[in-house]
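Sequences listed follow chains G and U, in order. Numbers 104 to 392, taken from the numbering used here, label the letters of the first sequence in order. Numbers 20 to 323, taken from the numbering used here, label the letters of the second sequence in order.
Hints in this document: simulated from the structure, not taken from any laboratory. Hints may be right or wrong, so weigh each one.
Only pairs whose alpha carbons sit at most 20 Å apart, straight line, appear in this in silico DMTMM-like list of lysine to aspartate or glutamate [unchecked claim]:
no., chain 1, residue 1, chain 2, residue 2
1, U, K215, G, D115
2, G, K112, U, E316
3, G, K112, U, D39
4, G, K114, U, D203
5, U, K183, U, E316
6, G, K311, U, D39
7, U, K134, G, D115
8, G, K178, G, E168
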Amino acid sequence: MKNRKLSLKSKDALLGGAFMMPWLLGLLIFTMFPLIYSIWLSLCQVEFSADGILTSFVGIQWYKEALTADANFVKDMTSTLQSIVFSTPMILVFSVILALLLNRPLRGRAFFRALYFFPVIIISGPVMSKLMSNQAFTIINPEQFAVYQVLENLPGLISVPLCYIFDNIVIILWYSGVQTLIILAGLQKIGDPIYEAASIDGATAWQKFWKITLPHLRPMILVSAAYTVVDLSGKTTTAMHTLIEKNMMNIEKPYSYSAALSWLYTIVVLLILGIIFLILKERREPKHV
Amino acid sequence: MFKKNNKENIKVHAKAFGVDAIVYFLLICIGFVFLYPLLYMVVTSLMCTEDLINPTISWVPTRIDLSNFEMVWSVLDYPTSLGVSVGFSVACAVLQTISCALMGYAMSRFHIPFKMLWMALLIFIFIIPADVVTIPRYILFNELKLIGSPLAMVLPAALGQGLKSSIFVLIFMQAFNAVPKSYDEAAQLDGAGRLKVFFIVALPMAIPSIVLCLLFSLVWYWNETAQVAMLIGGDFQTLPLQLDAFNSLFGASFSTDFGDTANRLNERYQFAATLLTIVPLILFYLVMQKQFVKGIESAGITGE
Numbered sequence: 104m105k106n107r108k109l110s111l112k113s114k115d116a117l118l119g120g121a122f123m124m125p126w127l128l129g130l131l132i133f134t135m136f137p138l139i140y141s142i143w144l145s146l147c148q149v150e151f152s153a154d155g156i157l158t159s160f161v162g163i164q165w166y167k168e169a170l171t172a173d174a175n176f177v178k179d180m181t182s183t184l185q186s187i188v189f190s191t192p193m194i195l196v197f198s199v200i201l202a203l204l205l206n207r208p209l210r211g212r213a214f215f216r217a218l219y220f221f222p223v224i225i226i227s228g229p230v231m232s233k234l235m236s237n238q239a240f241t242i243i244n245p246e247q248f249a250v251y252q253v254l255e256n257l258p259g260l261i262s263v264p265l266c267y268i269f270d271n272i273v274i275i276l277w278y279s280g281v282q283t284l285i286i287l288a289g290l291q292k293i294g295d296p297i298y299e300a301a302s303i304d305g306a307t308a309w310q311k312f313w314k315i316t317l318p319h320l321r322p323m324i325l326v327s328a329a330y331t332v333v334d335l336s337g338k339t340t341t342a343m344h345t346l347i348e349k350n351m352m353n354i355e356k357p358y359s360y361s362a363a364l365s366w367l368y369t370i371v372v373l374l375i376l377g378i379i380f381l382i383l384k385e386r387r388e389p390k391h392v
Numbered sequence: 020m021f022k023k024n025n026k027e028n029i030k031v032h033a034k035a036f037g038v039d040a041i042v043y044f045l046l047i048c049i050g051f052v053f054l055y056p057l058l059y060m061v062v063t064s065l066m067c068t069e070d071l072i073n074p075t076i077s078w079v080p081t082r083i084d085l086s087n088f089e090m091v092w093s094v095l096d097y098p099t100s101l102g103v104s105v106g107f108s109v110a111c112a113v114l115q116t117i118s119c120a121l122m123g124y125a126m127s128r129f130h131i132p133f134k135m136l137w138m139a140l141l142i143f144i145f146i147i148p149a150d151v152v153t154i155p156r157y158i159l160f161n162e163l164k165l166i167g168s169p170l171a172m173v174l175p176a177a178l179g180q181g182l183k184s185s186i187f188v189l190i191f192m193q194a195f196n197a198v199p200k201s202y203d204e205a206a207q208l209d210g211a212g213r214l215k216v217f218f219i220v221a222l223p224m225a226i227p228s229i230v231l232c233l234l235f236s237l238v239w240y241w242n243e244t245a246q247v248a249m250l251i252g253g254d255f256q257t258l259p260l261q262l263d264a265f266n267s268l269f270g271a272s273f274s275t276d277f278g279d280t281a282n283r284l285n286e287r288y289q290f291a292a293t294l295l296t297i298v299p300l301i302l303f304y305l306v307m308q309k310q311f312v313k314g315i316e317s318a319g320i321t322g323e
């Protein structure tokens with residue numbers, strides 16, 4: 104009896120393996136091999152020869168160089184980080200606002216929902232860079248306004264993020280399509296009874312938002328935040344992408360240096376995601392005895 | 020008592036009306052901000068030289084000038100690039116959907132060993148920036164003499180390692196998880212094999228996910244340029260790649276040194292090219308927008 108059961112189980116695993124096979128093959132050939140090869144390259148001096156690529160191990164030389172000697176790396180990493188760190192919270196805030204607006208039973212809701220999602224369809228590297236370089240995103244030139252001057256003169260810690268938001272408002276909105284829909288779906292799952300109960304207890308709309316809506320949205324906001332960071336870091340218009348691509352065929356250090364750069368970039372993205380997870384993860388309610 | 024109630028009713032209605040008015044106002048304002056770049060692009064691309072130079076004209080052209088589009092049409096080699104774009108993205112989308120559905124089904128229904136490891140890898144692959152994988156893939160395909168062939172993008176898609184494949188695997192997994200196992204068992208009792216169960220029971224239940232996966236793969240493959248340029252490149256010119264090359268093909272004739280006016284003259288060609296590139300996507304979205312929006316809502320990304 105036991106034998107029969109085991110064989111059923113292993114038969115099941117075998118069949119599952121068959122379904123999994125394409126992905127597993129792809130994983131090994133097109134993802135795991137490149138990843139491991141990329142780590143190896145980042146630790147090597149690469150030379151081209153008639154038979155192909157020659158590698159000789161040099162240790163963490165390229166990582167050291169990037170972190171200590173390459174001014175471009177520090178500059179581009181900072182600007183990429185800046186855009187991710189400033190944009191992500193703004194995208195989340197806008198997504199929540201847009202989702203709240205769209206969650207009302209209004210006429211034309213479907214139209215606005217489709218409109219706000221629309222940029223997701225057309226965003227691509229060349230289109231974005233064409234629009235950016237031709238000033239299509241500058242609705243108002245914020246520098247004309249006195250408010251902007253005041254903002255600019257504030258201490259850097261406050262003025263830099265604020266000015267960034269003013270300069271990039273349209274782009275931030277354009278990148279919030281998917282997140283808005285995720286949060287909207289989350290909003291629609293919060294049932295009416297809980298709001299009614301709160302109303303009976305005399306809660307104001309403001310209190311309901313902070314005490315009911317936001318806590319219920321926490322998992323959706325976490326998913327959206329992770330998606331946003333991955334989406335923004337994968338953009339081809341980021342300074343880091345340009346730097347990595349530029350160094351790929353660097354005569355003195357082909358492949359190797361850009362591989363090291365891309366791993367440093369990965370580590371930073373992972374760190375950001377880790378921080379986001381720590382901030383937004385479900386907190387356990389203290390048990391009431 | 021009755022009177023007071025009535026008054027209160029009116030008050031409540033007036034308040035609701037006021038809130039609605041504010042919400043509409045905000046929705047329209049935000050909608051304008053969303054559309055502004057497109058409007059600006061459309062208007063500029065329709066202007067003729069005189070209108071662009073005339074400082075009193077900023078939004079409404081005096082006459083509609085389609086010559087910009089004629090010019091750009093030939094520079095972009097439009098019919099060919101459109102065909103390349105459509106063929107390429109449809110092929111990748113279909114293959115990616117099939118491979119992700121298979122993997123999603125395996126994760127949902129079978130006792131595969133090391134399930135947690137595969138799960139962790141799926142998420143890890145999703146997170147890492149594409150650059151990490153693209154460079155060694157380039158070397159790999161170079162060895163295999165596949166650089167320059169569309170296979171360099173199609174093969175990873177067919178084996179579930181395409182653009183954002185992980186998301187689709189997870190979406191399929193969620194969709195299959197939502198199908199009660201008793202359906203499978205019923206079909207098996209009636210004599211269907213596991214493969215038949217997959218096609219006859221599981222796939223029809225996952226149609227919303229299939230649509231979602233097809234649509235998003237299509238759009239993401241259409242819009243992908245960095246990997247396509249590096250791994251295929253050469254004569255294989257999709258529309259966005261042509262747009263990317265447009266500057267070097269065309270922009271050189273006007274440099275930015277001419278100041279604002281020359282910039283705007285240059286702008287109209289740039290915008291006409293950009294517009295032509297995204298028009299197929301806009302038409303596609305106009306037809307399919309319900310499926311896009313519904314797909315995300317029903318995808319179960321929202322965590323059950």
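Hint check results:
Note on K215 of chain U and D115 of chain G: the hinted pairing holds, with a Cα-Cα distance of about 15 Å set against a maximum of 20 Å. Under the criterion of a C-alpha separation no larger than 20 Å, the hint pairing K112 of chain G with E316 of chain U is inconsistent with the structure, at around 35 Å. Under the criterion of a C-alpha separation no larger than 20 Å, the hint pairing K112 of chain G with D39 of chain U is inconsistent with the structure, at around 59 Å. Between K114 of chain G and D203 of chain U the CA atoms are separated by roughly 16 Å; this keeps the pair inside 20 Å, and the hint holds.
For the proposed pair K183 of chain U and E316 of chain U, the alpha carbon gap of about 18 Å is at most 20 Å, so the pair holds. Taking the CA atoms of K311 of chain G and D39 of chain U, the gap is about 19 Å. The hint holds against a cut of 20 Å. Among the hinted pairs, K134 of chain U with D115 of chain G is consistent with the structure: their alpha-carbon atoms are about 14 Å apart, no more than 20 Å. At most 20 Å may separate the alpha-carbon atoms for a hinted pair to count; K178 of chain G and E168 of chain G meet this at roughly 14 Å.
Checked against the numbered hints above, the structure violates hints 2, 3; every other hint is satisfied.
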